[in-house]
Amino acid sequence: MNERHPMDELLRKDRIPHIWCSGCGLGTCLAAFITAVRESGIPLEKLCVVSGIGCTGRVAGYLNIDSFHTTHGRAIPFAAGLHLANPSLKVVVFSGDGDLIAIGGNHFIHSARRNLDITVICVNNFNYGMTGGQGGPTTPIGSRTTTTPYGNFESPFSIPYLAAASGAPYVARWTALDTRRMTKSMGEALHKRGFSVVEIISPCPTLFGRLNRQGTGLDMLKSYQANSVIQHGADPSKVGIEKDGKIVVGKFVDIERPTFLDLVKERLGSKFKMHWEKVECDPALVPAADE
Amino acid sequence: MESESGVLTGEHFLGGNEACAEGAIAAGCRFFAGYPITPSTEVAEHLAERLPEVGGIFIQMEDEIASMNAILGASWGGMKTMTATSGPGFSLMMENLGLGIMTETPCVLVNVQRGGPSTGLPTLVGQGDMMQARWGSHGPYEIIAVCPSSPQEFFDYTIKAFNLSEQWRVPVLVMADEVVGHMTEKVTIPEPNSIKLTQRRTPKVPPEKYLPYKPDADLVPQMAIAGNSYRMHITGLTHDIKGYPVINEEAQAALVERLVQKIRKNKQKIVEYELEKCEGADVIVCSYGISARTALLPIERARQEGIKVGLIKLIVVWPFPDELIDELAGKVKGFVVPEINFGQISLEVERCAHGKAKVIQVPHAGGGIHDPEKVLEAIRRAAA
Amino acid sequence: MKEASTAEKPKYWRTPLDAGKLKMPRGKIHIIKDRCKGCSFCVEYCPRDVLELSTEFNPKGYHFPLAAHEEACVNCKLCEMLCPEFAIFSEELETEEEEVGK
Chain A
103 MNERHPMDEL LRKDRIPHIW CSGCGLGTCL AAFITAVRES GIPLEKLCVV
153 SGIGCTGRVA GYLNIDSFHT THGRAIPFAA GLHLANPSLK VVVFSGDGDL
203 IAIGGNHFIH SARRNLDITV ICVNNFNYGM TGGQGGPTTP IGSRTTTTPY
253 GNFESPFSIP YLAAASGAPY VARWTALDTR RMTKSMGEAL HKRGFSVVEI
303 ISPCPTLFGR LNRQGTGLDM LKSYQANSVI QHGADPSKVG IEKDGKIVVG
353 KFVDIERPTF LDLVKERLGS KFKMHWEKVE CDPALVPAAD E
Chain B
5 MESESGVLTG EHFLGGNEAC AEGAIAAGCR FFAGYPITPS TEVAEHLAER
55 LPEVGGIFIQ MEDEIASMNA ILGASWGGMK TMTATSGPGF SLMMENLGLG
105 IMTETPCVLV NVQRGGPSTG LPTLVGQGDM MQARWGSHGP YEIIAVCPSS
155 PQEFFDYTIK AFNLSEQWRV PVLVMADEVV GHMTEKVTIP EPNSIKLTQR
205 RTPKVPPEKY LPYKPDADLV PQMAIAGNSY RMHITGLTHD IKGYPVINEE
255 AQAALVERLV QKIRKNKQKI VEYELEKCEG ADVIVCSYGI SARTALLPIE
305 RARQEGIKVG LIKLIVVWPF PDELIDELAG KVKGFVVPEI NFGQISLEVE
355 RCAHGKAKVI QVPHAGGGIH DPEKVLEAIR RAAA
Chain C
238 MKEASTAEKP KYWRTPLDAG KLKMPRGKIH IIKDRCKGCS FCVEYCPRDV
288 LELSTEFNPK GYHFPLAAHE EACVNCKLCE MLCPEFAIFS EELETEEEEV
338 GK
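Chains as they are written, first to last, in my numbering: chain A, 103 to 393; chain B, 5 to 388; chain C, 238 to 339.
One or more of the hints may lead you astray.
[To be verified] Heads up, simulated BS3-like pairs for lysine-lysine below, C-alpha to C-alpha not over 30 Å straight-line:
1) Lys-375(A) / Lys-200(B)
2) Lys-246(B) / Lys-213(B)
3) Lys-286(A) / Lys-265(C)
4) Lys-218(B) / Lys-269(B)
5) Lys-324(A) / Lys-314(C)
6) Lys-115(A) / Lys-265(C)
These are calculated hints, taken from the structure and not from any lab test.
Based on the provided sequences and hints, a complete structural model is requested.
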């Protein structure tokens, strides 16, 4: 059947079906992102997606826009350079928990601190999937992975807590089952000025799920439904995820903070012309927060 | 293409690092992302002040790894970009130098070399990163590296590095050293319209026909930048001409061979050196950076002793001028290679001489320039 | 075999004032069988139980869904949003206004 799916316009059709496993939530996250992009009104020519290495990192390769598949952990600094060189671009980082929070952790916290105007979508499947299911910075205590065969004994990072503590003005978390809600959060994050972070808890049935006897991708979605509780405005320091425990989802942080370029302009604007005023940049293409 | 405004035309008494920064601005660099590290920090500091003046942007990143990636990203955003570091930071940048090579991203990486290995001598000279410049990143590839010996050259060769980078779509290394970086000398900065600049080749086809990695006849592909509807996919994975990752032998052969041949086949247009009295010489001193300059005194003394000595000063160290050394090796008794390391470029000279001439290293552990007596002694041995 | 649980007319506690004018959306399901990887998300979460897994295989060996009770589809598009493979979507069908609830 050569049917045309409504999202095909934004996909590199010649590369579909993608490499992700049956029951993996990444395709759902990508679909939510595509919907959010289409509803946001952001012109596709100005949208750039930068990803790192890992299963989530492959997202960039399936999107039919300017996309950059960079090295492990380094999507955020690459995106920072891309954004600063041309602030009229809408730069989105789409990568996984290990890529963004372990090897990329330093870049994550500093870019949040600087409040660079980029959107970060972090898909958290609690392990390093692409390389075979090793433990990662978000693996809950007690969970089995290939490098924690006796059960993980390291405390994981709580991504919303890390993001909020580093200064991100928008932090939300959803599970892959929350399609409409994550689409809405992604849309808000795209429009938010500043370093906006959306974490999506997503099933990895082939590795993390199998090693922890969580069943199929569908079983994992059902357990998210059973275990997740929506608490908008929850204290980011209290939303850690324990093995088989509650998953607090919702929009945790949504504040206003001047972005890096706002501060550059504030400090230097009276003395120098800002570089993006020389770059072709239509302010109308950079949507305001309340649109 | 002329250089934009911001060029400080005139005669200046400038430090090497500051001259490098001015060279970058004259070349059209408008983005610097770096991390402080002695003895390169002045490049960053000078650009922190100057870039806003010329409508550019400076950012001090959280580490050298971030700096290398930021300059790649900004290059894809359409700017000419640069970073500066020294040994320890150079090592950190290696992985993503590879990303720049694989994605064919123009940018400039300045390494003001210092004593190593490890933390070594932060404030004192070394030249121990020359082989690392060639082979530091993983995988098979070719790179371009230039070597200034004075603040004037640091200014000129930084511009040259940008031009080479834009023309060949490869990161170019400026392998300076602490002495050149920290010495202060007269630097003449010309009028903007007399500075020749090269810009990257932009796509000649509309977006729907554009193939990001389809090479032109000289093996260099046309480069689109983000935001212009080209909808390209750029990856560090082995990829085909569409830019899509293809994980097999054929794609690897097609891509990596082209990346290597891109430099090798165009070598004659890239290689550059200065020859001084090499015609009829019995001994040729071959060096680069500050060591090429400090060799001038022993060469003078040797000539006074009657030895016919010539000098090859390498301007472009990588790719190495194989043919030149091979040709001269047949005509001289020996080469002398003074360098502030335990033999790196001398290995190249040895390789290219194919046994036709002696190659005498004049090593130095670092921390200072060569004792002229030692170089003179080596010249005498080479002439014997 | 599951019956479409909402195939009958809805029962109201109190008939809405505009019940006669309500137009229930109807959807037509499109399934791109070759893309499916048999995860069953769509089958499980369709709120109208429209879908069932086929007993056939696609070329990759997966059971793909079939619109077993397409008449119950209201074009909510949850299957389209949930599907990780871009293998299913629904299209709004033009229907006549029907009298609902009477």
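Subject >> Lys-218(B) paired with Lys-269(B) [C-alpha distance capped at 30 Å] >> reply: Since the Cα atoms of Lys-218(B) and Lys-269(B) sit roughly 17 Å apart, the hinted pair holds (cutoff 30 Å).
Original post:
Going straight from one Cα to the other, do Lys-286(A) and Lys-265(C) come out at no more than 30 Å?
Top reply: 25 Å, holds
Subject >> Distance restraint between Lys-324(A) and Lys-314(C), which requires alpha-carbon spacing of 30 Å or less >> reply: 19 Å, holds
Original post:
Taking only the CA atoms, is the gap from Lys-375(A) to Lys-200(B) under or equal to 30 Å?
Top reply: OK: Lys-375(A) and Lys-200(B) at ~26 Å, within 30 Å.
Original post:
Are the Cα positions of Lys-246(B) and Lys-213(B) separated by 30 Å at most?
Top reply: Between Lys-246(B) and Lys-213(B) the Cα gap is close to 10 Å, so the pair holds against 30 Å.
Subject >> Restraint check for Lys-115(A) with Lys-265(C), where alpha carbons must lie at most 30 Å apart >> reply: 23 Å, holds
Hint violations for this structure: none, all hints satisfied.
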